[in-house]
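K.L.:
Chain by chain, the residues run as shown.
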Amino acid sequence: MHRAALTLLVLGLCAVAAAYGATLLGPAAPLAPWWLAAGTTASLAGLALLGAARRGRRTPTLVAATVAAFASLAAGFFVPLAMPAPDAATPLLLGLPRPTVILLLGAGLVPLVLLPVAYGVAFEREVLSPEDLATFRARLAAGDARAGDGTGA
Amino acid sequence: MIVAVGIAYFLACAAIGWWASRRTRTAEDFFVAGRGIGLVPFALAAMASTLSGFSFIGGPGLVYAIGMTAVFIILCASVTNTMGAWVLGKRLRLLGEARRLVTVPDAIGARYRSPAAQGLSAVAILVGIVGYLATNLLALGIIVDAIFGIGLVPAIWVGAGVLLAYSAGGGILAGIWTDVFQGTLMAVASTIVFVFALDSGGGLAAITRAVQSADAALVGPWGARGAMVALSFFFVFGVGSLGQPHIAHKYYMLKEPRRLRWYPALMTVAMILAQLLFVGVGLAVRAMVARGAAPPLARPDDATPFFLLNHVPALVAALVFSGVAAAIMSTVSSFLSIGAAAITHDLPKAFGRAVPASDASWLARGRAWTVVLCVAGAALAQASGTLVAFLGIFGYGLFASTLVPSLAVGLNWEGATREGAIASIATGLALTLGLETAAYLKLFSLPAGVTVTGLALVASLLVFLAVSFATASRSAAQLDEDVRTVMRV
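Sequence order for the protein chains is A and B. Residues are numbered in our numbering as their position in the first sequence, beginning at 1, plus a constant of 9. Residues are numbered in our numbering as their position in the second sequence, beginning at 1, plus a constant of 120.
These are calculated hints, taken from the structure and not from any lab test. Certain hints may be false.
Unchecked claim - Computed beta-carbon distance windows for the label pairs:
hint, chain 1, residue 1, chain 2, residue 2, range
1, A, P139, B, I270, 42 to 50 Å
2, A, G65, B, G322, 57 to 65 Å
3, B, A546, A, D153, 29 to 37 Å
4, B, A586, A, V76, 26 to 34 Å
5, A, V76, B, A499, 50 to 58 Å
6, B, A503, A, V76, 29 to 37 Å
7, B, L131, A, R67, 52 to 60 Å
8, B, V389, A, A147, 29 to 37 Å
9, A, P93, B, A334, 14 to 22 Å
10, A, G30, B, A132, 30 to 38 Å
Said to hold, decoys possible - In silico contact screen, one side only, chain A against chain B (beta carbon under 10 Å); selected entries:
hint, residue
11, A73
12, V76
13, A77
14, L124
15, D153
Unchecked claim - Covered stretches of chain B (chain A as the covering partner; in silico rule of three or more C-beta atoms under 8 Å from a C-beta of chain A):
hint, region
16, 176 to 183
17, 352 to 365
Backbone N, C-alpha and C fix where the C-beta goes; we use that ideal spot for every residue, glycine too.
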């Protein structure tokens with residue numbers, strides 16, 4: 010999973026660089042916001058997957074939450090980009106123009122709720138169980154003991 | 121009323137500082153609160169340190185001026201609240217326990233077994249802190265002057281004096297507990313003002329229609345500045361949040377690493393409440409101006425003071441003014457602590473003069489440097505407005521471009537190398553300082569949507585990855601066994 014996360018991160022950063030480059034070359038670059046939306050989503054998703062990855066262990070809940078949250082983020086960016094700019098005649102939804110509500114739900118509310126809940130729910134199995142912590146502390150203690158004996162690094 | 125609440129607030133901060141200073145006996149107490157902070161104070165302190173005066177004054181002003189575009193600065197909290205714990209929290213907390221780490225550069229030095237990377241990141245932090253301290257102490261002076269009417273320069277020194285009363289005595293322990301008090305105050309004040317903002321505008325739909333009558337783009341999905349600027353805010357503040365040392369540093373202080381479990385959820389609730397004012401006041405005041413119920417503001421930053429002084433009861437206004445001071449002071453106290461640690465710990469360590477945590481003189485030097493940094497920041501805050509504004513601009517960007525690669529990527533990828541870390545920190549430093557200075561001197565300007573911070577962040581991350589891949593054969597030999605254990609837990 011590290012490889013997939015790093016690939017996503019690199020692709021995302023390249024997309025952001027392309028968006029900035031296109032804007033620097035000509036401020037009216039019509040595709041630049043699309044590149045920036047894709048790059049921002051991919052970069053953050055890559056970092057999230059990197060954080061969720063554990064060597065030799067599966068983290069299905071965290072991965073699923075990452076995929077769902079960042080798919081929602083992408084939809085929250087791309088759908089309003091594809092819609093015409095709202096004017097004073099645009100119907101309101103929940104007190105705001107529809108494209109704004111889609112953005113706030115997709116890029117705001119869904120990941121805002123999904124990610125912390127997934128982290129809390131998956132914590133025992135996929136982040137840090139009591140056994141993980143005990144093993145970690147035992148290894149540290151063993152390392153300290155070896156170092157004290159002059160037998161370890 | 122405002123003066124009475126202001127005095128009560130400052131006395132409460134000083135009292136917490138006095139209490140904490142009696143419990144600060146070692147350098148570990150001073151710099152990492154004795155590694156004994158529970159979940160709720162930890163989350164509230166992280167929230168309070170994340171938000172500065174910008175959230176209460178500059179942010180609502182920006183919403184007033186450019187509408188939804190400004191909301192993207194806080195919208196990225198939808199992912200960053202959790203990603204901090206997810207990407208950094210566990211690794212930093214465990215690495216701190218394994219090595220008794222005190223600072224963020226400590227983690228970089230341990231991860232890459234590199235005093236040079238530690239020293240370089242400490243220099244980046246110090247440079248960024250200078251700007252943050254000056255701008256925040258200036259903002260604090262403006263608020264103290266607004267409350268007590270004593271003039272800007274005396275107000276800067278009164279604010280700095282109260283800060284020192286708790287920061288120099290109680291260090292980060294005092295900072296954490298004043299943050300808890302201040303964070304609670306900020307969340308309560310923000311929520312109350314949001315309700316008043318909606319009520320004064322006749323509800324969200326009425327506010328939207330009024331704002332649309334002036335400029336429909338303001339409440340469109342991207343705001344008045346368009347999609348490039350809005351998305352650039354999301355990228356810079358989203359990815360950049362993983363490199364803010366005053367937040368990352370707090371992970372060392374958590375009593376038990378398993379308490380991280382519900383930290384993102386708690387942080388999310390606290391942040392939502394504390395950020396309501398950011399959006400609500402800016403839009404409500406803009407609607408009032410569009411309806412002719414209020415005169416156009418001379419400056420966008422007047423949005424919050426105008427609303428507080430004209431549309432909420434005096435007690436609520438007093439609470440919010442104290443909340444603004446709280447937001448600024450909690451951020452400044454965190455920076456004073458990490459700045460003093462960088463000078464007394466990271467830089468000596470980079471030059472081979474590591475100071476043991478048991479060294480009693482370290483605590484004294486930490487306190488002394490806290491005073492020096494605060495006095496220097498206050499003196500700088502009196503300088504010309506454009507210089508202070510310039511110094512403040514690059515703080516966030518400098519932290520982001522120098523620390524995100526080696527921390528957020530490096531702590532989660534065993535293939536990252538020392539060479540990659542040093543190259544990325546140097547790239548971030550050089551690009552941010554060089555381009556920001558050139559822009560300040562008007563040697564060039566960037567089109568809307570492209571920022572120096574964004575460019576430097578992308579460049580430093582790509583340099584980090586490219587150099588690490590190019591030197592991949594050295595990565596395994598650069599990882600100490602205990603660090604490898606931390607990265608595999």
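K.L.:
With reference to the structure, classify each hint as holding or not holding.
P.N.:
Okay, the hints, checked on the actual structure:
{"no.": "1", "hint": "P139/A x I270/B: 42 to 50 Å", "result": "55 Å, violated"}
{"no.": "2", "hint": "G65/A x G322/B: 57 to 65 Å", "result": "58 Å, holds"}
{"no.": "3", "hint": "A546/B x D153/A: 29 to 37 Å", "result": "34 Å, holds"}
{"no.": "4", "hint": "A586/B x V76/A: 26 to 34 Å", "result": "27 Å, holds"}
{"no.": "5", "hint": "V76/A x A499/B: 50 to 58 Å", "result": "51 Å, holds"}
{"no.": "6", "hint": "A503/B x V76/A: 29 to 37 Å", "result": "49 Å, violated"}
{"no.": "7", "hint": "L131/B x R67/A: 52 to 60 Å", "result": "54 Å, holds"}
{"no.": "8", "hint": "V389/B x A147/A: 29 to 37 Å", "result": "36 Å, holds"}
{"no.": "9", "hint": "P93/A x A334/B: 14 to 22 Å", "result": "20 Å, holds"}
{"no.": "10", "hint": "G30/A x A132/B: 30 to 38 Å", "result": "51 Å, violated"}
{"no.": "11", "hint": "A73", "result": "14 Å, violated"}
{"no.": "12", "hint": "V76", "result": "13 Å, violated"}
{"no.": "13", "hint": "A77", "result": "12 Å, violated"}
{"no.": "14", "hint": "L124", "result": "4 Å, holds"}
{"no.": "15", "hint": "D153", "result": "9 Å, holds"}
{"no.": "16", "hint": "176 to 183", "result": "violated (count 0)"}
{"no.": "17", "hint": "352 to 365", "result": "holds (count 6)"}
In this structure, the hints that do not hold are numbers 1, 6, 10, 11, 12, 13 and 16, in rising order.
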